[in-house]
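Residue-level listing of the chains:
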Amino acid sequence: MKKEDQHIDHLFQKLKGDSFEVPPVFLDDLKLRLDAKQAQLIRRKRLLWFIMLLLTLLGIAAISYTNSRKDSNHSKSEHIGKSADFKQNESELEPQNQTENVDLFSKSRNKNSTDLENVNTEMKHALSENSKEKNLNVSNQRNIASVSSQKNERDLILDKETNLTTTRTTTNKRSNSKSQKEFSSTNKEHARLKSKELTHDKDKSETTLKSKQLVSKRNSNNEIGKNASDLENTTQMNKSEKSNETLKEQAGLTNLTLQMKSTQALPNRYDRSLAESKEIASNEDVSEDKANKKLDFELQIYSGAGLTSSKFVPSISADEFQSNPFISANFGLKTNLLCQNIYGSAGIEFFKSGDKLKFNTFEFQQVGTDSLLTNIIFDTIWIDSNQFVLDSMFVYETTPIFDSIAKSNTNKNQYAWISIPISFGYRFQFNSWDVIPNVGVNFNFGIAKNSGEYPNSDKKFVKYDALKFNMDIRVQTEIRKNFGNLHVFVSPYFKKNFKPIISNPSLRLTQKNWGLNVGVGIKF
Amino acid sequence: MKLTKEIIKKIKKNDYKTITALYNEAFSAMIAMVVRYKKNEEDQITIINNSFMKAIEKIEKFDLSKEFTPWICQITKNELIDSYRKEKNYDVFFDFEAKEDGQELETESLYDLEVEHAYLRNILQTLPPATNLVFNLFAIEGYTSKEVGEELNISYETVKWHIKEARKRLKLKLIENSTTYKA
Numbered sequence: 001m002k003k004e005d006q007h008i009d010h011l012f013q014k015l016k017g018d019s020f021e022v023p024p025v026f027l028d029d030l031k032l033r034l035d036a037k038q039a040q041l042i043r044r045k046r047l048l049w050f051i052m053l054l055l056t057l058l059g060i061a062a063i064s065y066t067n068s069r070k071d072s073n074h075s076k077s078e079h080i081g082k083s084a085d086f087k088q089n090e091s092e093l094e095p096q097n098q099t100e101n102v103d104l105f106s107k108s109r110n111k112n113s114t115d116l117e118n119v120n121t122e123m124k125h126a127l128s129e130n131s132k133e134k135n136l137n138v139s140n141q142r143n144i145a146s147v148s149s150q151k152n153e154r155d156l157i158l159d160k161e162t163n164l165t166t167t168r169t170t171t172n173k174r175s176n177s178k179s180q181k182e183f184s185s186t187n188k189e190h191a192r193l194k195s196k197e198l199t200h201d202k203d204k205s206e207t208t209l210k211s212k213q214l215v216s217k218r219n220s221n222n223e224i225g226k227n228a229s230d231l232e233n234t235t236q237m238n239k240s241e242k243s244n245e246t247l248k249e250q251a252g253l254t255n256l257t258l259q260m261k262s263t264q265a266l267p268n269r270y271d272r273s274l275a276e277s278k279e280i281a282s283n284e285d286v287s288e289d290k291a292n293k294k295l296d297f298e299l300q301i302y303s304g305a306g307l308t309s310s311k312f313v314p315s316i317s318a319d320e321f322q323s324n325p326f327i328s329a330n331f332g333l334k335t336n337l338l339c340q341n342i343y344g345s346a347g348i349e350f351f352k353s354g355d356k357l358k359f360n361t362f363e364f365q366q367v368g369t370d371s372l373l374t375n376i377i378f379d380t381i382w383i384d385s386n387q388f389v390l391d392s393m394f395v396y397e398t399t400p401i402f403d404s405i406a407k408s409n410t411n412k413n414q415y416a417w418i419s420i421p422i423s424f425g426y427r428f429q430f431n432s433w434d435v436i437p438n439v440g441v442n443f444n445f446g447i448a449k450n451s452g453e454y455p456n457s458d459k460k461f462v463k464y465d466a467l468k469f470n471m472d473i474r475v476q477t478e479i480r481k482n483f484g485n486l487h488v489f490v491s492p493y494f495k496k497n498f499k500p501i502i503s504n505p506s507l508r509l510t511q512k513n514w515g516l517n518v519g520v521g522i523k524f
Numbered sequence: 525m526k527l528t529k530e531i532i533k534k535i536k537k538n539d540y541k542t543i544t545a546l547y548n549e550a551f552s553a554m555i556a557m558v559v560r561y562k563k564n565e566e567d568q569i570t571i572i573n574n575s576f577m578k579a580i581e582k583i584e585k586f587d588l589s590k591e592f593t594p595w596i597c598q599i600t601k602n603e604l605i606d607s608y609r610k611e612k613n614y615d616v617f618f619d620f621e622a623k624e625d626g627q628e629l630e631t632e633s634l635y636d637l638e639v640e641h642a643y644l645r646n647i648l649q650t651l652p653p654a655t656n657l658v659f660n661l662f663a664i665e666g667y668t669s670k671e672v673g674e675e676l677n678i679s680y681e682t683v684k685w686h687i688k689e690a691r692k693r694l695k696l697k698l699i700e701n702s703t704t705y706k707a
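So the sequence lines, in the order shown, correspond to chains A and B. Just so it is clear: in the first sequence, position 394 is 394 by our numbering, and no numbers are missing. Each number in our numbering corresponds to the 1-based position in the second sequence with 524 added.
Think of the hints as simulated: they come from the structure by calculation, not from any bench. Quick caveat: nothing in here was measured; it's all calculated off a predicted structure. Incorrect hints may have been included.
Listed below are several chain B residues computed to face chain A (Cβ distance under 7 Å; list not exhaustive) [to be verified]:
1. Tyr547
2. Phe551
3. Ser552
4. Ile555
5. Asn573
6. His641
7. Ile664
8. Arg691
9. Leu694
We put the beta carbon where it would ideally sit given N, CA and C, even for glycine.
Construct the complete structure from the given sequences, taking the supplied hints into account.
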């Protein structure tokens with residue numbers, strides 16, 4: 001018995017090595033699968049590119065955000081620096097202002113003296129360069145003074161002496177160096193005088209002081225001038241001394257004039273600094289405002305309608321079947337985050353997609369009746385009413401006539417989804433209008449038993465279940481009009497499935513969706 | 525067709541010609557196995573093409589030192605078993621009523637019987653699916669009763685019963701055939 005069992009087993013083992021030809025139907029199915037695989041590979045590549053693009057956008061957004069933060073910090077530090085400069089200016093200016101009211105050269109205020117020394121140094125340079133001009137100015141001033149107080153003859157002598165001393169001063173370096181050394185003390189005297197003058201009416205006191213100084217010095221010069229004819233050497237020495245004195249005078253006057261100018265310029269400088277500081281402050285306010293407004297949160301509600309176009313693989317849009325776009329509604333809620341002009345959005349949305357198949361069926365219907373010869377009886381000889389002899393009889397029966405009638409049918413398949421749209425974009429601002437092109441991904445979750453009926457190769461409708469989860473790529477442009485914190489927008493969009501919503505060896509269904517959303521939003 | 529790295533690269537790139545050539549070569553072995561289990565052509569297409577697609581998707585895992593046909597046959601066999609496992613009533617798929625009729629069939633030796641392979645396949649497919657599956661694995665694929673039990677997650681007794689039942693039914697069919705032949 002066992003041997004017999006083994007025999008049976010062996011008998012069937014022969015089947016193991018059978019050889020077969022590949023039927024075309026197997027190859028057709030394989031080709032479909034390979035096409036589907038190719039499409040999947042392309043989709044994967046696209047998805048990869050999309051993710052890379054998304055990451056690049058995110059990177060750019062992150063970099064620009066970081067840079068903008070750095071800029072804001074930099075502008076703040078710059079402002080702090082400017083403020084410090086301003087304070088420094090102010091501190092520089094303050095003592096000068098104080099010099100108008102207080103003794104300019106008090107020992108406790110070394111800074112002021114340093115400032116004055118700096119001014120004097122500048123003056124020295126100015127004097128060496130423009131000594132001629134200054135001499136002329138001084139001589140003019142002297143002329144004016146002499147018109148008012150002295151005689152013309154003395155003025156002439158004085159002018160000559162001045163010219164002589166000036167030429168000697170320019171040639172004699174030693175006397176210049178001596179006179180320059182004496183500048184500081186002379187300047188101090190003049191500064192003291194000036195500080196006193198500043199406490200009084202500046203213009204008046206200055207003029208009087210100048211005239212007094214000039215008169216007194218010219219008198220002494222006149223005395224020297226009288227003795228000049230007696231002792232030339234002494235005169236020359238005196239002249240050199242006088243030239244020093246004249247230089248002192250010039251320096252004093254110039255110093256005084258410059259200081260007066262500087263004191264007159266003070267308010268201007270202060271005003272300018274104040275204006276600058278105000279400008280900086282206002283800029284800072286603006287930048288602070290911008291920094292505050294750098295992150296805008298928005299909430300939007302929207303609704304819209306779209307057209308779904310379905311693509312079937314293998315194509316079922318043959319002669320008998322025609323796929324038409326499907327109109328569906330959607331609505332949702334989303335939050336936007338605007339970092340300057342970089343736009344990010346996430347939300348929740350309900351939408352429907354679907355397709356409408358039109359197809360013709362042929363139904364057999366009775367269109368009438370007809371008589372049909374069913375039998376011929378050859379039998380007894382009959383004689384009919386006309387006395388004709390008959391040897392056969394035809395038997396007819398009534399029969400219905402059927403014909404195929406084409407009938408147009410429509411099959412509608414709907415799929416309902418809850419979607420989480422996430423998108424990134426950039427905002428272009430035009431006054432109160434904003435245009436925000438953005439790209440993103442929709443994560444779709446089927447909320448109902450999504451299934452559709454589609455014809456198979458035998459033209460019979462078969463039910464296919466859709467995926468429970470799918471992803472769409474979404475390209476959208478939001479055009480909005482702002483009204484303060486509120487805005488209204490329209491948003492045309494296009495989205496396409498990453499994966500087919502029905503993926504079956506005999507049917508693959510992908511959908512594209514075009515639509516327009518309208519909504520309102522509020523900015524927080 | 526000996527698989528090489530270049531061929532594998534082409535397969536990975538979804539090269540239609542290479543894949544079809546490989547399919548033509550492996551088809552005979554795959555269909556020879558599948559026809560013993562599935563008589564419906566659609567089922568056969570599904571099993572064979574699913575197996576082949578799995579194979580080319582995992583082609584980088586293929587050991588180049590080995591033959592492709594046994595590898596694809598193993599994948600096909602697993603696909604077949606999975607197709608049975610996917611059955612909703614798989615739990616009761618192998619259930620049987622143990623009836624001992626006490627009647628042993630007295631048959632002449634069937635070993636030398638010349639029967640067409642097509643006929644053998646036909647009578648094999650007349651077996652109930654569960655019995656057919658167990659008998660195929662045991663008698664043709666060369667699994668032991670224990671291995672069949674482990675593979676299908678059924679008891680040893682169930683395997684034995686199905687083998688016995690298959691033999692009994694096949695004998696009857698063969699006797700019918702030989703009687704007809706002699707007549």
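Quick rundown of the hints versus the structure:
1. Tyr547: It holds, given that the least Cβ distance between Tyr547 of chain B and chain A is near 6 Å, below 7 Å.
2. Phe551: The hint holds - Phe551 of chain B has a Cβ within 7 Å of chain A, the shortest such distance being about 5 Å.
3. Ser552: holds, 5 Å
4. Ile555: Result: holds, 5 Å to nearest chain A Cβ.
5. Asn573: holds, 5 Å
6. His641: Hint on His641 of chain B: holds, closest Cβ of chain A at ~6 Å, below 7 Å.
7. Ile664: holds, 6 Å
8. Arg691: Interface hint status for Arg691 of chain B: holds (5 Å vs cutoff 7 Å).
9. Leu694: holds, 6 Å
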